[in-house]
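Quick note, the sequences are listed as chains A and B, same order.
FYI, the numbering for the first sequence is 1 to 636, going by my numbering.
FYI, the numbering for the second sequence is 1001 to 1365, going by my numbering.
The set of hints was computed from the structure by calculation and includes no laboratory data.
Source: prediction; values computed, not measured.
Please note that a few of the clues may not be correct.
Stated by the list, open to error - Which bits of chain A does chain B cover? Going by a derived footprint, with three or more residues having C-beta under 8 Å, they are:
#1 494-500
#2 512-523
Unchecked claim - Derived Cβ-Cβ restraints for the label pairs, each shown as a range:
#3 E1095/B x G425/A: 52 to 58 Å
#4 K594/A x K1089/B: 54 to 60 Å
#5 A477/A x K1267/B: 43 to 49 Å
#6 K1267/B x S516/A: 37 to 43 Å
#7 T576/A x G1102/B: 47 to 53 Å
#8 T1301/B x G425/A: 29 to 35 Å
#9 E1101/B x P417/A: 42 to 48 Å
Glycine included, each C-beta is placed from N, C-alpha and C at the ideal position.
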Amino acid sequence: MAQEEVVENGIPAGVVEEPIAHRLAEDLKEISVAEFFERNKHILGFDSLHRAMLTAVKEAVDNALDACEESEVLPDIAVQIEKVKKDEYILSVEDNGPGIVKNQIPNIFGRLLYGSRFHAIRQSRGQQGIGISAVVMYGQLTTGHPTRVISKIGEDMPAYEVDLLIDTKRNRPEALRTEAVHWDKPNGTKVMINIVARYAKERRQSVYEYLKATAIVNPHAHITFIDPHGEEYVFPRVTEIPPEKTVAIKPHPLGIELGTLMKMARSSESYKITAFLVNEFSRITNRTAKEICRKADVDSLLRPQDMNRVQASRILEAFNMVKIMAPPTDCLSPIGDLLMRKGLKKEIDAKFAYTVTRAPTVFSGNPFQVEVGIVYGGDIVQENQVKILRYANRVPLLYQQGGCVTTHGVEGIDWRPYGLEQRGGQGIPVGPAMVIIHVGSTNVPFTSESKESIADVPEIYQEIQLALRECARKMKAHINKKEKLKKIAEKYELIQKVLPELAKKSAAVIGKDVPSIEVVVTKIMNVVVIDDKVEHEKVDDKKFTTVDIEFTNYTPKQRNITIYCKVPVEAEIGDTDPKPFKREEGLLIWKVSKMKPTEKRHVIFKLVGLDKGDYEEADLYFEGMRAENVIGAEPL
Amino acid sequence: MATDRYKKAVKGLEAIAEEVYNDFIKGDIPKMSIPVRTKKNIVFDDDLHVWKYGSNLTHRSAKELGSAYTLLRTMYIIDFIREMIKTKKSSTLREMYYISEGWEIAKFPDQNTSNRLAEDLEIITKSLREDFKLRPEEDGARVIGNVTIQEVNRKGEKKTFNCRDDVGDSGYGIPYNVEKEKLTFKDVDADFVVAIETGGMFDRLVENGFDEDSRAVLVHLKGQPARSTRRFIKRLNEETKLPVVVFTDGDPWSFRIFASVAYGAIKTAHISEYLATPTARYLGITPSDIVNYELPTDKLTDQDVHALKSELTDPRFGDEYWQGEIKLQLDMDKKSEQQALAKYGLDYVTDTYLPERLTEMGILN
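Isolated chain B (complex conformation):
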């Protein structure tokens, strides 16, 4: 039940405040410990098949001015969340940032800091930010395909619709809350899910009727996918057993998009088991595709090269496949966009590239 989740969240948050208070009473320097949130501290969880934070902890001690401010802000956030839960309100992360304007010396210097602190609190209390009544301002992405969904709308009414027949060309918009009390999958008649990085390619596949012709569910990722988009894909995969493939540009940033869908993002590794789809596979554009399909390319920028090198030491890309592809891309010093396939005509992606790749992957026969 939702109220239990809120109760657990409040209890967890109050425990943080209590610890700080007790430190003062004991004459100890107040502190707060959380896992190190970098690629150096993520490990593969064999049971959950996703990447989670390891055991390295960072300590925020009131000894340091910056950490003391973080502790103080934490107290204010706790107070604020508890109040929202009490009064049955919710706020966006951005609204919380603006509300902190009234917290005097505890106000946040920027929204990044407040977002990160909200994530820290999820980690410490083992809750989700939805349990704190905090939601992101970004909306989820779009879905087109033969999936029937039931959603509880803001009036509390259950609405059922098909994501191919009951929606316009822009598809079904994924809400920020995709948990079971809000959204359920009623019926699915498709063979696989394609998660697509760019809106241009999503629209191309829709226009070419790829969803109907190939019995595919198309999900637009909108760049680095929001939590709700990843959670949606994860539930779709788990509950309907449809295989998931990820179709992105062929550059280092796209590999990270795939990793966050399949392996879990570093920033949200504490909830990877909620968000990641371990069976999702990378379709392309792979560095090999750039060679094999002779795609138009751009030269790698300095940031691209830096990102690729950083990925070489990212444990999520530690397997032979990724090490090979990343090194190949560094060697050829080139990258391609998904829409570069239009070199061979607008239908090439749906008539040739996707069928070929999906057959290679054993998804199409």
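Here chain A stands alone, though its shape is the one from the complex:
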């Protein structure tokens, strides 16, 4: 496994003055680790036997995922839980990461708060918990067993197996045994910890649900899970593209707190306030720094260490008066529309999935980004409340749903116009839908130290609502389209089955020849029906999506219609027949002209490079006819 992830700037500014890590470290000086552990069980996530199991899995899996991502390896993670006796289990988690050099193994697994990235500001899973060493400690305290780690760093290298304990008085790891062993893996790490815990599959907050939720937002990971009954579950990888590597950034000036600004100034190594602003904040240029000083009426030559409270607060105000670019967002790691959709489709068999990745933005100087997805139909139960899958920095949140900004975002929307039921237009809606919300940030503002729900930060709430509404509109369009298709089916039944029979039978009753029904058909339908078929195929490793749009003029008049087909920007446009009248970014436009009554026309095109499920129905808009005379596309 990689460097142990240690709690870092885990608490939002303003909630607790100092990062929790500092406080925990201080605590550790005073009391023995064991005592500390006992006192802080609830913060560390070991307050019940069920929760202990989940926390252990969560820490170990997060650690494994981070290890792989760090080295840009597609994660292959194997989780196994074996029962030793009642309420005692062995948890093993294995990854295909870069491995750990022999000497570092004890430090990484056996030392609380050991890490290398203390002050980096970036989005990382480690924010979520206390770390793998806490699990090692928990296992040791509850079972007395040492933890076993096997790690291998390269093909030609031996694997090392280490049994380790933590010296709880000194907070130091103690390797009981280190041995070179043979391991069939080129590289990777496996950790086995005995813990007192409880396993239940049926619970909403279970290991299975956790891994499933993890798989959804980590479509690049392949996760297998063997439960205590020997049952194996596989969450397969659906994309070869790993998430972009994140980089560390400096704090962004917008919304930073006065206290933080003063503290930063005091400990700054710069000689001038302008240099301090340029060097220690992101997105401040020399020019902006001078402008800030001017607006704040602060001498630009002032030593930052001498800045007083009044000056600091004027600087703070000035931050909002000048134009400052949004913080760099490469410190964030969004999952992305397409990958989210893939993750969702992989785990949930739904007819419709739509996702929105909002542009990154800022709260209190912290970049954050919201991603929302909605799935609808298929296997999802119609009568149940909509399930909300919550994530912070790609880690599923399983507890404290009611207090989370993500839940509040869902509850604050009147879902009825979007086709879901909802009592009084507020609260969690009911219907065959599921919502997924991911908040990624360098500093996720959790409501409490147990890090299970995100605080009601207005900026985050608003981003969530905007994204939800966009998804909801798409869902509604899908529902409308489904209803229209039902109507089309009825019309077809009418003109293809019932009318011919009616003509035949009425003629038979009065002893005449069967009359022609064509004119009546066009009068009854009085629509142009647009029907799209999407097919996916793979030829020589190239992926083709063929879209066939069929137009049938079931009106008594000749018709012209302009059709706009939205296509994913990621896709390359292949063959088109006929050639589009116009091509724009993510848009193909055709003019279908002079269609005679009952005439059929086709527009066929290929998209290259999309996976199955990326594009399942054509997104069609039209112009040139009245809305009530067209079925199968939305008016532009």
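Start from chain A and add chain B according to the hints.
Relative to chain A, chain B alone:
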């Protein structure tokens, strides 16, 4: 003559098919128009003194899938009826429903739909379903009283019998066809007709000898009366001039039974003049009776309240008497059965209640 009626029916039915066919030829969307069959579209006919359908029409256009199916089924029914008339057969409504199993996509989803369509065709062709050789499966109800009837039986023989002396305790069973070619009233020696909702009360009056003691003809309605029962009462009233009173439970459903006897039912408003007896009067149990006779009661159910409220806007119950009684019942939130009179003993209904009520109504002196 019967054959003329059949000819008229066939002509009317074929005209429907012809219209559909002509619509196709002209390129028009085939349709069929019939009166709206709800309480919103019934009006009092001053000449016939019964409630008939008004002028509101509903259009069944082949534009709608459901209506297109109805039109198609109509074609099949027309074909089927014409065939029955040709081969001198008849069928029950239920049999027709089952026969439609062979009509492929035109088969009926349920018997209610086929019954309603048969009624629609009566309305459009101004014929009776008997003219279509269709009959209901339900039998008519029973009669006991000093009435002499002549019936043509299934062998074509004329049989004459007295509905008091020549029948058992269950009385004379009214056949489904009570038209003149089948049934005639030969002799009547009675003062009035009592139409009774429940079998229990009918049997009580028979056991107590009410028909003989009070010179009454007792007719059992069996709940909502069949067409033949209503037609029988109507002819008895018209041809013998005997006054008719209706004796039912005291609840909203019973008021509807009375309305169908006296005013015409909404479902069969197209033939109200054949079926309704405009001079029939409501005897009880009235909501006032419940109060005056201190009868044992039940609380109104939600459906009862809904039915009563619906009756308040039913034009047939628009007069002062019914509006008052219905509102009274809603206020007291109670209902009673006819047999609740047994509270005062088995003879109370014949010794006290009926004589009192009939005297109030001026039928007994």
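**OP:** Provide an ascending list of the numbers of those earlier hints which the structure does not satisfy.
**Re:** Violated hints: none; all satisfied.
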